[in-house]
Structure formats: C-alpha cells, structure tokens
Amino acid sequence: MIQAALLAVDIGDASFGIPDVFFAIIAIISVVAALRMVTTNNVVHAALYLLVVLASVAALYIILGAEFLAVTQVMVYIGAVMVLLLFGVMLTRTRIGNETDLNYEKRWIGGLVSTALLAVMGYSLWEFFGSEALAADRTPTPTSEVADSIFSTYIVPFEAISVLLLAALIGAIVVARRD
Amino acid sequence: MLLNQFLFLAAILFCIGVYGVLTRKNGVLVLMSIEVILNAVNINLVAFGAYNDDVSGQVFALFLIAVAAAEVGVGLAIILLMYRNRQSISVADADALHG
Amino acid sequence: MFSAEVATDISWILENAWIIPAIPAASFLLILFFGKKTPGGGHWIGITSVLAIFALSLWSAVAWIGYVDDSHGAEAEAEHAAVVEEFAVGDTLTLAAAEEPVEGEEHAVEATPGPILSERDWFSIAPFDTFKIGTLVDGQSVMLLFVVTFISSLVHIFSVDYVAGDRRYTHYFAFLSLFTSAMLFMVLSSNTLQLIVGWELVGVCSFALIGHWWEEKPNSDAALKAFLTNRVGDIGLLVGMTILFFAAGGTFDITTINTMAGAGEIGQGTLLVASLCLLGAVMSKSGQFILHTWLPDAMAGPTPVSALIHAATMVVAGIYLVGRLYSVFWVGLAIPGSNINALALIGGVTCVFGGMLAFVQNDIKKVLAYSTVSQLGYMALALGVGAWTAGMFHLFTHAFFKACLFLGAGSLSHACHHSFDMKAEMGGLRKIMPKTFITFVIGSLALAGIPPMAGFWSKDEILAGAGVWPGTGGNGTYYIPFIFGMITAALTAAYMSRVIWLVFFGQYRGHSQPHENGPLITVPLMILAFMATVVGFLNMPPAFATAIGLPESWGERFGHYVEPAGIASFPGDLGHANPSLSLAIVASLLAAGAGGVVWLYYQALYRKDSMATEVTGGLKDKHKVLAAGHTMLVNKYYLDDLYTETIAMGTKGPIAKAAYWFNQNVLDGVIDTVGKGTVGLGRFVYRYIDQGAIDGSVRGMGVGADDSGQMLRKVQSGKIRQYAMLMFGGAVVLVAVFIVAV
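Residue numbers (the working numbering), protein chains in the order written: chain A, 102 to 280; chain B, 3 to 101; chain C, 280 to 1021.
Here chain A stands alone, though its shape is the one from the complex (with noise of 0.2 Å):
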C-alpha cells in the first residue's frame, strides 16, 4: 500500500521511489542537525551535531552511489577532522556546558544575509534545473574507477594536493608551537 501511494506521487518523468523516501529522512535529520548546530548554545553538541550531518552527507554519497567517497567522508572527517575540532574545543578551554558568549547579538541581519542566499539559490536551482532527473539504473561507482582517474587525468592535481597537505602540516605546526 505504501508502495503504491509512493508510485502514485510522479513528479515529471521521475517516479518517487524507496531512495526517495531515505533521502527524505537523511535531509530531514541533516537540515535539523545542522540548525541545532549554529544555534546552540553548548559547543561540545555543536560538534556532535556537526557528527550527525556530516554522517547524513556520507549517507547521501551512499544514495548518489559514490561508495568509496563515503568511506572517506566517515574516516577523514568523522575519524579525523571532528576529533581535531574537539580537541581546538578542549585545548582553547572552552567550558563544556552552555555558555551566554557564543553569538553576536543582531543574528537576525546574518538570518537576512543567510535566506537571500538561500532565495537567490533556490530560485535559480529551480529555474535551471527544475525537472532533470538522474539516471533510473544507476549502479555504484566502483573505486576502481575513482583511482583510475585519480592517477590518470587528476594526476597532477593530486600530487598539487599532497604539497598542499604537506604546507599546511608545516604551517601548523609553526603557527601553533611555542617558542
């Protein structure tokens, strides 16, 4: 029954289908993960909402079959990334609990700057985009396929990324020692 009402719902030539409905929830959960974040008054959550949205992002990569890019989301930026954000939170001695201190007064002028944005985009998207669907039998990109192009085509831009990587290691640690 709820397949049928699901295939009942056609919009243009996509019909909306199971990966519809998990998409529905992982954009539900990551838009409200992600307000909880920039509005909390608590950084240690603020982090773990930033968890869970960067963990919906993954979860779309999975939707959008780009398997390996998932993996890396979850150990690079879950793994990685967050643990260093807690540690900045914890090493700049933030108190954990709610603090009054967090926000500029006036947030309604970044409200205002933040949903022009978002109407400029919105509406452009629309006009732009309004009814492209993607591809009904899609299958999974294998990884395969991601490091042939890697060390094919973007080779020259991997290696710019690995000095990149490597100057920012340097960088920080010679910003953040103490001498």
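Simulated from the structure, these hints should not be mistaken for lab results.
Keep in mind that a hint or two might mislead.
What the hints assert, rightly or not - Looking from chain C toward chain B, a few residues come up when the C-beta cut is under 7 Å (computed):
id, residue
1, Ser-996
2, Gly-997
3, Lys-998
4, Ile-999
5, Ala-1003
6, Phe-1007
7, Val-1011
Said to hold, decoys possible - Here are the simulated DSS-like cross-link-like pairs (lysine-lysine), alpha carbons at most 25 Å apart as the crow flies:
id, chain 1, residue 1, chain 2, residue 2
8, C, Lys-702, A, Lys-207
9, B, Lys-27, C, Lys-998
10, C, Lys-714, B, Lys-27
11, A, Lys-207, C, Lys-993
12, A, Lys-207, B, Lys-27
13, C, Lys-714, C, Lys-702
Cβ coordinates follow ideal geometry from the N, Cα and C atoms, glycine included.
Here the structure of chain A is known, so what remains is to put chains B and C in place on it, guided by the hints.
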C-alpha cells in the same frame, strides 16, 4: 530521483553554514560552520557527477575533503595561537586590522 | 625577410650566436662563487671568457661578411658588374669636378641578405602568437658584437693593473662580465621584450659599477642619479614598446614591427607617438640633452668602467635602439624630405650644448663625459637626418677613440695621485708619459675629426647626410642640425686642444711623482690608438679609395656589410648622401682652426704664470657676458638645480607648506608682475604655471585622496563578521544580477 532534491538540500545546508559563520563568535564554531559549507559543496559535486555519469565529481569531492582537512589543521593552529596570545577565541576581538 | 632563394651556407656561429652572451654570463656566476679562491681574484676567469667571446665575435664578423658576399655573388653577379662600372664612371667625375656641385645621384643600393633569426618558443598567452626568444644576427648586431667584445677585452686587461688591490676586486670583475653579457644579450635580441630585459640589465650593471666605491656618498649618489634618471626614460621605453606591440597586432618581433611600419600598415600617428615615447628612453640612456645630467656624474665609477660603459658601449644603447627600430622612427618622425624633426633637433642641441659644457670642466673625465654627450648627440643627429650608416659608423669609430681617451685619462690619474684635475695636478706630462701622450693625442685628433683619423670619416658622413651642402643629396635639407653639427665640429677640436695643452704641455703643477704606467695599461692604449687611426678607412668613399690607389670596391665597406639596405624591415626609400670633398675640407679647416686658436690662447695665458692652477686674466675676467656664460656653463645650465630643488623638492614638500607657499608667493607674485613689467612677467609665468597650476593640482589630488581615504577607512573595521557579511551580501546581489540578466 531528481537532481534538484540534492541541490536544494545542499543549498539549505550551505545557507545554514553561512548563518553559522555570520552569527558565531567562537572561533571553533566558525570552523565547524565552514565544514558544513564545504560539505554542501561536496554534495553538489557528487550530485552533478551522478547526473553526468562522470567520476570527476567524486574525484573533486575527494580533493575537497583533503583541502578541508588542511584548512581545519591550519585554522585550529591559528585559533590556538590566538587563544595563547589573547586568552580568548572570539573572532570579534580579532580586529587589529581596523583602519 | 630571408633571401631564402640564395643558396648560402650559413656559418654555425651566425645561427648559434646565443653562445656569445652565454659565456660571460657563466663567467659572472663563476667569478661570483669561485672568484676569490682562484689565483688573481677572478680576473683570469673574466679575461678568458671575454677573449673567448672576442674570438667568437671576430668569427661571426668574418662569417657575416662571407654570408653577404656569398649571397651577392649568387644573386647579383650580373647586375653587380654593371653597377660597379657605373659607380666607377660616376665617381671619377665626382673627383675631377669636386668643387663643382654634383647633382645628388643616389648610390645604387644592392639588396643585402636579411637578418639571420634563430628563435625558440619562450612562452605563450592565449590570443597572441607564441612569444619567441632568440637572436637576430645582421650587420648592425655583428658590428656591435665586435665593438663590445673588443673594448671589453681591453678594459678587462687594463683593469688588472688599474683596479689592483681594490677591496672589491672580484666583485668588480664579476660585474664587468655581467655587463658584457647583458649588453650582448640586448644587442642580439630578436624581439623588443628581450631588448627591454637587456636594456634594464645593463642599467643595473651600470648602477653597480658607478657605485663601486659606495662608501663615499657622492659615488652612491651618482649611481642613484644614473639609475633614477634612466627610470624616467624607461617609462617612455615601456609605453613605446607597448604601443608598438599592439600596433603590430600583438607581436614583439622586431623584424615584423619594422616591416609593418615600413609598409604603412601602422598609422603614422601611432608611430609618431611610439617614436616620441621611445625617444624618451633614448634621451635618458644615451645622455641626450635635458636627461643627460646623470652621465657626467657617472664618472664617479672606476675609469675603465667609464671607458666601457659610459663611453663606448652602454650609452650607445639608445642609438642602437633607434637604429634597430629605424623604420618606426623613419615613418613616425617623417624623416625623409623634411628639414627638422624631434630626433635631429635633440641630437643637434645635445651636441652643441654638451660641447660647450666640456669647455669649462677642470676634471679631465668630466670633459670626456661631456664630450661623450656631445658625440652621442652627433649620432642621434645622424639618425635624425636619415643618415643611418653615418650614425652607426660614428658609433663604431667613437667607441674606439673615446675608449682610448678614457683609458688614457685613467692612465694619467693612475700616475698622478689618482686625481683627475687638469689644472691642479697635471701639466707638462708629455715627456714623463710619452706613450700615454701619443695615444691620447691620436685619440683627440680622431675625436676632433682631423683627417685621416677615424672621427673625420664618420663626422664628415654625418655632415654630408644632413643634405644641406651642395651636391650631397641625403634625405632632406636639415639646415639647423647641419649648423649645429658644424659648430660642434669646431667646439670639439677646441676643447680637446685645451685638454691636451693643460695636461701635456706647460709645466707640471702637481705634487706627486708621475711615472709612465706598465704594459697592462699602455698596450691597450696603443691598440686603441691604432684602431682610432685606421677604422675610419672602413667606410671611405669609393672615389677616395681609387684616388689613393686602392681598388674602388674597398670603399664604403662598412656601409656595405652593416646597412641592411633593400630588405623589407628597413626603410626602402632611404637615400644616401654623396661625400663632398669641399665639405670635408671646410669642416676640417674649421676644426683645425678652432683647435689652433684655443691652443695659442692657452699658450699665451700660461706664459704669464706657468704654475697657475686657477688662471686669471682670461677671457671671462675681461668680459661680463663671457663671465656670465661661464658661470652658466659651470652650473651646467642649472639643470641639476631645476631637477633637485624645483622638481624634487616641490614634489615631496608637504601639502600644507605648498598651500602656504601658494598664498604667500604666487599671490604676491601676481602683484609684483603688474609692477615689474617684462622680467616680472617671466617669473610670474614660471611661478604660476609651474608652482601654481602644477603644485595646485597635485595638492588637489592629495587632498582628494586623503578625504576619500578618511571615508573609506571606516569600512575597514577589522571585524571579520562584517567582512563576511559584505562578502555574502555581495554574492547575493551578484547572483540576483545574473538571474535578471540571463
């Protein structure tokens, strides 16, 4: 599945990130908001990659993750230094560049 | 461009000329890094490299001559014979009736083979063709290769003794190498971009070598002055080259630019603006009047450096530039058939004023410096009146005799307590330093243009090239430049006569024990004196060659091999003036007469007091007008005062002070003007225009900038949030604009 559903979600996350950057004073929270923005961009890249049936989108997303990692590293180093010098990580205090 | 149909074997060196600047560049690095550890403090590296490139330049000169001959042989065997015959007949006639004005039948011009280009891709920017880097070898560049490497070799050898024991001996040789390399790089450049690079590199070397003894303030000041004055001209260079780049459809290629300019594909107005801009560069680099003031000060450097850089090679870079882009100047300044243009006028004014300034100097190097200014004016004049070959030939001969004179002055000062003061430290040196004496006199005769020395031939060609003297033909009737040229011929002989008298005759007035120098110093002098005697014959008129019993084809060899006549990148309608015997006689007599009068005058003057270091009872004490003229000359026409006190101080003075000054002086000046008539009027104009309008507008701009700055600095709050807000707000506006627009 529509392309637009991913793009809209990315746009919403992006704008939430922007809101965070614009309203947060705490440096670490600003960095977190930037991470959300970057992830929104990544969603766009992967979605367009799927739409065009091209692996390039994913490759660029991978590069972006690497860049984001570097950014967090340097950003946190700067915030640590700021904390050490000013005992505060409020970006509102860092206005030594005013004219 | 290429006479491709002519089957000629091109010698290896002509296609690989890049090696010539590469060797001294390598030598520069070697001396810099290893010089101190090698025996001789690095001078062996420098001398070896410079002798090697001298040999290569000789090879390239021989190869070029062979190349020109070969292509003629293959191409024009048949016509050649006819032309020669015609020549011979015409010239015997000329000789027989030399006093008669002969109708200016222009010399038949044989087409010379085009330049040999060897280029590589340098870089590319999307809408333009790939930019090339490479060498352009033709008669002009081969000639300069020879001159630069020849003088540079002798200067290297001379310096071993002269600079011995200096605290920066190694550094000195390193920069000599770098300079040589940069100059050769510039000379060989196949496009204007490369030329600018070489141009600036020689400027840097000049700066470093003028300020060689920078511990003393005047020396570092002189170096700065040279550098900054040249920057003024460089603006013109950059603007001019940019105009030419776009006018020629996005190419820096010299041959293309010249060909397009010659073919009328670039508008005359554009070329006029471009050539006037380039003229600014020529004025600063080649010491033309009003931007020449750095050149005499540049004598603060070691004397061999002055000989190499500020007499023989670097200062002719501007002349070389004009010669290189001659089609641009030819069309831009409308040289043919005219009777005055900017280049000829500047050249004429420079040669007269420089010659006059040389008269009042007591420092022998300063005399030579002003003489260089004057002779460079001669070259500019030659190019301005359309006598390309004469200008280039004068560049060629001038390099030898001026280097000879400078090194001679160095030899004198080396002997006399390191002083250059002719009145206080010299006199009567002819018996003590006979070798220096003879070589210096030969150099002076060549400079003064006394036949048969080198300077005579080239000067005579320039005067004939002005096209004023009956029967000379040429490219127009340049009366004013011609008169300036004649005056300079007399002036040059006069001031050199003064120098020789003061230095070598009379009694020794100094306090040290002068002695003749060793062979490292005198041998280069002798070589240069020999060259100063003979190189003039390279371009003797064919009629003269037959008259002294040489084959007629020995005449005008220089022009034959150097001038790129008959190719598309060189003005096709360039006329050649006929040599005139009567003009040569008149000019020589003028020079000899002027020299003689001055000689007698000084002899009489010093008869009263042979030890006088400050001569009294001279002309300037007897006549008020002459005294005033003397004061003006001693103060160098007050140009330095104008530059430093009026322009520089006026520019950097505080705004408030300027405003106060404006109120006090200009308004008062206005009132004064009404009362004081003509004299006051002149002052008023000067103050009002210079100080009032210019200062006022500068002040206005300053105030405007300050106000807007005050307004804008409020935007710079330093608040990250505000910046981010503005950035995203700007993004929203931009997206909205795109949405509306698309």
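Do the hints match the structure? See the list:
no., hint, verdict
1, Ser-996, "holds (5 Å)"
2, Gly-997, "holds (3 Å)"
3, Lys-998, "holds (5 Å)"
4, Ile-999, "holds (5 Å)"
5, Ala-1003, "holds (6 Å)"
6, Phe-1007, "holds (6 Å)"
7, Val-1011, "violated (10 Å)"
8, C/Lys-702 x A/Lys-207, "violated (85 Å)"
9, B/Lys-27 x C/Lys-998, "holds (11 Å)"
10, C/Lys-714 x B/Lys-27, "violated (86 Å)"
11, A/Lys-207 x C/Lys-993, "holds (20 Å)"
12, A/Lys-207 x B/Lys-27, "holds (12 Å)"
13, C/Lys-714 x C/Lys-702, "holds (21 Å)"
The structure is inconsistent with the numbered hints 7, 8 and 10, although it conforms to all the rest.
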